[in-house]
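Taking the hints into account, I'd like the entire structure generated from these sequences.
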Amino acid sequence: MSAPVDQAKNAEKFLADTVHEQRLDKLLWAMRMRRDAAARQVPEWEELRTLASEIKEHTLSNLSQYLIEFETKATANGVIVHWARDAHEHNQIVYNLLAEQGIDLLVKSKSMLTEECEMRPFLERRGIRVTETDLGERIQQLDNQPPGHIVGPAIHKTNKDVAVLFSKKYGSDPYNEDTAYLAGVMRENTRPDFLKAHAGMTGANFVVAETGAIVVATNEGNADLSANTPPLHICSVGIEKIIPTTESLAVFIRLLARSATGDTITQYTSMFRGPRKGAAMHVILVDNGRSARLGMKRFWHSLKCIRCAACMNTCPVYRRSGGLSYGSTYMGPIGIILMPTFEVHKYNELPFASTLNGSCSNVCPVKIDIHEQIYVWREVMEEHDQIQVVKKEAMRVADKVLSHPALYQIATTTLSAALEVLPHFAVYNRLNAWGKHRDVPEAARETFHEWYRNNRADANEGGKL
Amino acid sequence: MQVALMVPCYIDMFYPHVGVATLELLERLGVDVVYPEEQTCCGQPMANSGCYEEARATEEHCARVFGSFDCVVTPSGSCTHHIRNKFTAGVDSPEKKTLVRNTYDLVEFLHDVLKIREFPWATFEHKVALHTSCSAIRGLNMASMSERVHDAVFSKPKALLSGVPGIEFIEFERVDECCGFGGTFAATEEAVSAMMGYDKLTFMQKASPDCIVSPDMSCLMHLQGCARRQKQDIPFYHLAEILNGVSL
Numbered sequence: 001m002s003a004p005v006d007q008a009k010n011a012e013k014f015l016a017d018t019v020h021e022q023r024l025d026k027l028l029w030a031m032r033m034r035r036d037a038a039a040r041q042v043p044e045w046e047e048l049r050t051l052a053s054e055i056k057e058h059t060l061s062n063l064s065q066y067l068i069e070f071e072t073k074a075t076a077n078g079v080i081v082h083w084a085r086d087a088h089e090h091n092q093i094v095y096n097l098l099a100e101q102g103i104d105l106l107v108k109s110k111s112m113l114t115e116e117c118e119m120r121p122f123l124e125r126r127g128i129r130v131t132e133t134d135l136g137e138r139i140q141q142l143d144n145q146p147p148g149h150i151v152g153p154a155i156h157k158t159n160k161d162v163a164v165l166f167s168k169k170y171g172s173d174p175y176n177e178d179t180a181y182l183a184g185v186m187r188e189n190t191r192p193d194f195l196k197a198h199a200g201m202t203g204a205n206f207v208v209a210e211t212g213a214i215v216v217a218t219n220e221g222n223a224d225l226s227a228n229t230p231p232l233h234i235c236s237v238g239i240e241k242i243i244p245t246t247e248s249l250a251v252f253i254r255l256l257a258r259s260a261t262g263d264t265i266t267q268y269t270s271m272f273r274g275p276r277k278g279a280a281m282h283v284i285l286v287d288n289g290r291s292a293r294l295g296m297k298r299f300w301h302s303l304k305c306i307r308c309a310a311c312m313n314t315c316p317v318y319r320r321s322g323g324l325s326y327g328s329t330y331m332g333p334i335g336i337i338l339m340p341t342f343e344v345h346k347y348n349e350l351p352f353a354s355t356l357n358g359s360c361s362n363v364c365p366v367k368i369d370i371h372e373q374i375y376v377w378r379e380v381m382e383e384h385d386q387i388q389v390v391k392k393e394a395m396r397v398a399d400k401v402l403s404h405p406a407l408y409q410i411a412t413t414t415l416s417a418a419l420e421v422l423p424h425f426a427v428y429n430r431l432n433a434w435g436k437h438r439d440v441p442e443a444a445r446e447t448f449h450e451w452y453r454n455n456r457a458d459a460n461e462g463g464k465l
Numbered sequence: 001m002q003v004a005l006m007v008p009c010y011i012d013m014f015y016p017h018v019g020v021a022t023l024e025l026l027e028r029l030g031v032d033v034v035y036p037e038e039q040t041c042c043g044q045p046m047a048n049s050g051c052y053e054e055a056r057a058t059e060e061h062c063a064r065v066f067g068s069f070d071c072v073v074t075p076s077g078s079c080t081h082h083i084r085n086k087f088t089a090g091v092d093s094p095e096k097k098t099l100v101r102n103t104y105d106l107v108e109f110l111h112d113v114l115k116i117r118e119f120p121w122a123t124f125e126h127k128v129a130l131h132t133s134c135s136a137i138r139g140l141n142m143a144s145m146s147e148r149v150h151d152a153v154f155s156k157p158k159a160l161l162s163g164v165p166g167i168e169f170i171e172f173e174r175v176d177e178c179c180g181f182g183g184t185f186a187a188t189e190e191a192v193s194a195m196m197g198y199d200k201l202t203f204m205q206k207a208s209p210d211c212i213v214s215p216d217m218s219c220l221m222h223l224q225g226c227a228r229r230q231k232q233d234i235p236f237y238h239l240a241e242i243l244n245g246v247s248l
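So the sequence lines, in the order shown, correspond to chains A and B. Under the numbering used here, the very last position in the first sequence is 465; numbers go up by exactly one each time. Under the numbering used here, the very last position in the second sequence is 248; numbers go up by exactly one each time.
Bear in mind the hints are in silico, worked out from the structure with no lab data behind them. Here the structure is a predicted model, which means the values were calculated and not measured. Just so it is clear, CB atoms sit at the ideal spot from N, CA and C, and this is done for glycine as well. Hints may contain errors.
Claimed, not checked - Reference listing, derived: stretches of chain B covered by chain A, where coverage requires no fewer than 3 residues with Cβ under 8 angstroms from a Cβ of chain A:
no. : stretch
1   : 140-153
2   : 185-194
3   : 219-231
4   : 240-246
Unchecked claim - Heads up, simulated DMTMM-like pairs for lysine to aspartate or glutamate below, C-alpha to C-alpha not over 25 angstroms straight-line:
no. : chain 1 : residue 1 : chain 2 : residue 2
5   : A       : 26        : B       : 37
6   : B       : 231       : A       : 89
7   : A       : 392       : B       : 60
8   : A       : 400       : B       : 95
9   : B       : 231       : A       : 12
10  : A       : 400       : B       : 92
11  : A       : 26        : B       : 177
12  : A       : 400       : B       : 37
13  : B       : 206       : A       : 36
14  : B       : 156       : A       : 46
15  : A       : 9         : B       : 177
16  : A       : 346       : B       : 173
17  : A       : 297       : B       : 171
18  : B       : 231       : A       : 442
19  : A       : 26        : A       : 263
20  : A       : 13        : B       : 95
21  : B       : 231       : A       : 46
22  : A       : 367       : B       : 151
23  : B       : 97        : A       : 379
24  : A       : 367       : B       : 37
25  : B       : 97        : A       : 12
26  : A       : 26        : B       : 173
27  : A       : 436       : B       : 233
28  : B       : 156       : A       : 25
29  : A       : 297       : B       : 53
30  : A       : 400       : B       : 53
31  : B       : 156       : B       : 171
32  : A       : 169       : A       : 263
33  : A       : 392       : B       : 171
34  : B       : 206       : A       : 379
35  : A       : 367       : B       : 70
36  : A       : 400       : B       : 176
37  : B       : 158       : A       : 6
Next up, the structure:
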């Protein structure tokens, strides 16, 4: 069992580096503003959100039917469909497909699912080289870091960081921080792999049951190159990505890019319906905990997520913590509600990395009640006995004092004792956590209770119990 | 109508003058106010930390104290939100149901129940940075939120404060971004919490307000702590103080 991720401590480290923290906060807030502007251009925005939510809830409620429909259609289109119960089965299927043909180089576009399955190390251990072709994902691969954001994996890095990294890995100019130059360096170094590789992999944003098509939205076109250049195309996709029809796809396409970056649509929105002439196309439908989540009464609607990251961009905690602080595949608000379904103990602190401000739920294009689920996850942590002993004890003391008026009044009318009770929630975790960056409020010379006694009590018999 | 005044624990201990301002304001408006002296807390600090078992006795006590009133008013959007929407730790007693149904934040009570729009006894010729809590905005629908770009823009706290002669509101960036208090979050994630507070102050200070006003004292407790640490001496007021006629 892995030790719990200490998100707060990781965030504190990230915050200590003000250059990166301020840059990330500004960049992502600007993204949120772009999202607002894009939504403003669509008068029926809220209706679209409702529709998208309803389509997802309908599909998830009839998931097996739609998956079988997809399999039938895709198979008829010449696609070979695989089913993977978990990450290991998925990785093994990919490995077998490559090993059968002696393929030792795989080019791939960005896929959070393959991150979730830890596919890259699995394949690399078996002698297969994997080249990420999304710029951000490639940067993270070269830096040996997981993605810090599900749409912009390297968004926490400055141009300078990238220039230094590329100079080490590719021998490019460490002082040239120009974006076009850096993108050029990446292009020169990864494009040859498209031609060398005998297999390409993509994820999928949507899977259309009606037609058997997979849909991939990117801005760099690297998914199209990965799918269309090598003779073998493998697409890995989570089973929750399925939608019923091409008509319903339109709803999601209108929401996705607008919510993610404020663009009306991604540069490339490609539907892959079958193998090219002389090539093969495989789709791996991956469960990896999804059907178990579908059975969770309080959390199943988290499966509606279309991975736009709008919740992360708007989250004031995420923007100031950095994505890596969550120590998880999915991060920010959506990560908080997804990760504990994989491993409760490891992610038992994540539900506390939120102020419950509710902004995430209100930007979510499929109306997931994210902040409400975060609140419930806190209760689940108590059910699973995952609340730190010291915190629980402090809360037990607080409950005792706060449920006994006499104890409460004794505690609150002496200054030192007052600080014992109320900022109990402030001192239990790390010593004097409140006072590290803030002044502690001064206890009043006279509480309101006392003031009332001294000034009004006689006039108010009704107030006595 | 008799109204029971609920004074949140942190206001009782640290900001009793806010309780006094609330009481005086209600009395000024002719409301028959009682203050049940057995009251303590609604249990939010525990429940908000996931510790619903440890919130039970406090929540049930709160329901016993307030469960017989037709109307309970508290100067806290956060406590109102907790009682109205998150009161699930204790047993579902008739008292609890009554309390959940009859609890109002002071702003709601003035704006929606009494429908007061003018506060002629007060004057406040100053520039105000108004901060409305996330509980009030997204939990109680007390003001429109920036995320819902097609909704009509409104703010009940602002509508009330606008009835005070002389008051002027300054506009600042990211007006409804969370200030970083978040209850126990302020301690469990103190570094992020404090940074959010500092950022909020920076955005406000850019517009040079004379003071910072909120219908939620808990946000102000946090922001004031941040401001004092940064040696900023800008005054902080609860909305009730302004409506009751405080002078700067």
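> Can the restraint linking residue 97 of chain B and residue 379 of chain A be considered satisfied, given a maximum Cα separation of 25 angstroms?
Replying inline: Status holds; Cα separation ~22 angstroms.
> For the pair supplied as a hint, residue 26 of chain A and residue 37 of chain B, is the alpha-carbon distance within the 25 angstroms limit?
Replying inline: Violated, at about 48 angstroms.
>> Need the status of pair residue 206 of chain B, residue 379 of chain A: alpha-carbon distance at most 25 angstroms?
In response: 40 angstroms, violated
> Is residue 400 of chain A within 25 angstroms of residue 53 of chain B, Cα to Cα?
Replying inline: 12 angstroms, holds
> Holds or violated: are the alpha carbons of residue 169 of chain A and residue 263 of chain A at most 25 angstroms from each other?
Replying inline: The hint is violated at about 32 angstroms.
> When you check the alpha-carbon spacing of residue 26 of chain A and residue 263 of chain A, does it fall within 25 angstroms?
Replying inline: 18 angstroms, holds
> Between residue 392 of chain A and residue 60 of chain B, is the straight-line Cα distance small enough, at 25 angstroms or below?
Replying inline: With Cα atoms ~19 angstroms apart, residue 392 of chain A and residue 60 of chain B stay inside 25 angstroms; holds.
> Quick one, are residue 156 of chain B and residue 46 of chain A close enough, alpha carbons at most 25 angstroms?
Replying inline: Holds: residue 156 of chain B and residue 46 of chain A sit about 23 angstroms apart, inside 25 angstroms.
> Is residue 392 of chain A close enough to residue 171 of chain B, meaning Cα to Cα at most 25 angstroms?
Replying inline: Answer violated: residue 392 of chain A to residue 171 of chain B is near 41 angstroms, above 25 angstroms.
>> Between the alpha carbons of residue 367 of chain A and residue 70 of chain B, is the straight-line distance 25 angstroms or under?
In response: 35 angstroms, violated
> Would the pair residue 13 of chain A and residue 95 of chain B pass a check requiring their Cα atoms to be no farther apart than 25 angstroms?
Replying inline: Violated, at roughly 47 angstroms.
> Is it true that the CA of residue 297 of chain A sits at most 25 angstroms from the CA of residue 171 of chain B?
Replying inline: 43 angstroms, violated
Hint violations for this structure: numbers 4, 5, 6, 16, 17, 20, 21, 24, 25, 28, 32, 33, 34, 35, 36 and 37, all remaining hints satisfied.
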